[in-house]
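Residues 464 to 634 (the numbering used here) make up the sequence shown, in order.
Treat the hints as calculated values from the structure; they're not laboratory data. Bear in mind the structure is a predicted one, so any value in this text is a computation, not a measurement. Quick reminder that beta carbons are idealized off the backbone N, C-alpha and C, glycines included. Nothing false has been slipped in among the hints.
Across the chosen pairs, the derived CB separations fall in these ranges:
id : residue 1 : residue 2 : range
1  : Q615      : V475      : 54 to 62 Å
2  : T594      : L474      : 33 to 41 Å
3  : G596      : T563      : 19 to 27 Å
4  : G492      : Q545      : 12 to 20 Å
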Amino acid sequence: MHTFLVLFPILVVLLALLALLVSGLVVYGRMLVRNQRRVLESLRRNGLAFLCRPTMGMRSMAGFILGIDRNAVSLWKVGLGQPKRTQTIPSHGARVVPATVRINVARSSPGLSVLSAGGSRVDVAVYPDPTMGYSAPTKGPSLDLVGQQIQQALTHPVEPANGGTRSAGDV
464 MHTFLVLFPI
474 LVVLLALLAL
484 LVSGLVVYGR
494 MLVRNQRRVL
504 ESLRRNGLAF
514 LCRPTMGMRS
524 MAGFILGIDR
534 NAVSLWKVGL
544 GQPKRTQTIP
554 SHGARVVPAT
564 VRINVARSSP
574 GLSVLSAGGS
584 RVDVAVYPDP
594 TMGYSAPTKG
604 PSLDLVGQQI
614 QQALTHPVEP
624 ANGGTRSAGD
634 V
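Modelling step: build the complete structure from the supplied sequences, incorporating the hints.
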């Protein structure tokens, strides 16, 4: 009984630290999802935007967003701070083809490859809009529909809904 009384406060402290760690991760996740949704909304004012993972994109805790507008196809890295454009290719003459995207060392997923007229490419696995739960990459008819939407936006660019241009940094 004496050993239990000595170890009980240590157990309580360890459980409190574990609860603090879990709640910190939940708060971090909520902030990350909120920022991803805000950037998606901002990019969708100018064109199309999809949550995605680029080739080997699981090396980062940040989310990635593929933004398509009348000028460029851009891959944005979205964490807790301001979004950063990691890759851009001109949208004029670009086309979309199905691809197998290597998400991490052990896993591949069906995805899309956006090829520019100059030969540059952006390979991504497309995901549903961000939530706090796990979501698998989009595949099958849904992925085909996303590919068709992107190809249509590349061949027939639409004017932004707000009449001007904005970037994800204007959020």
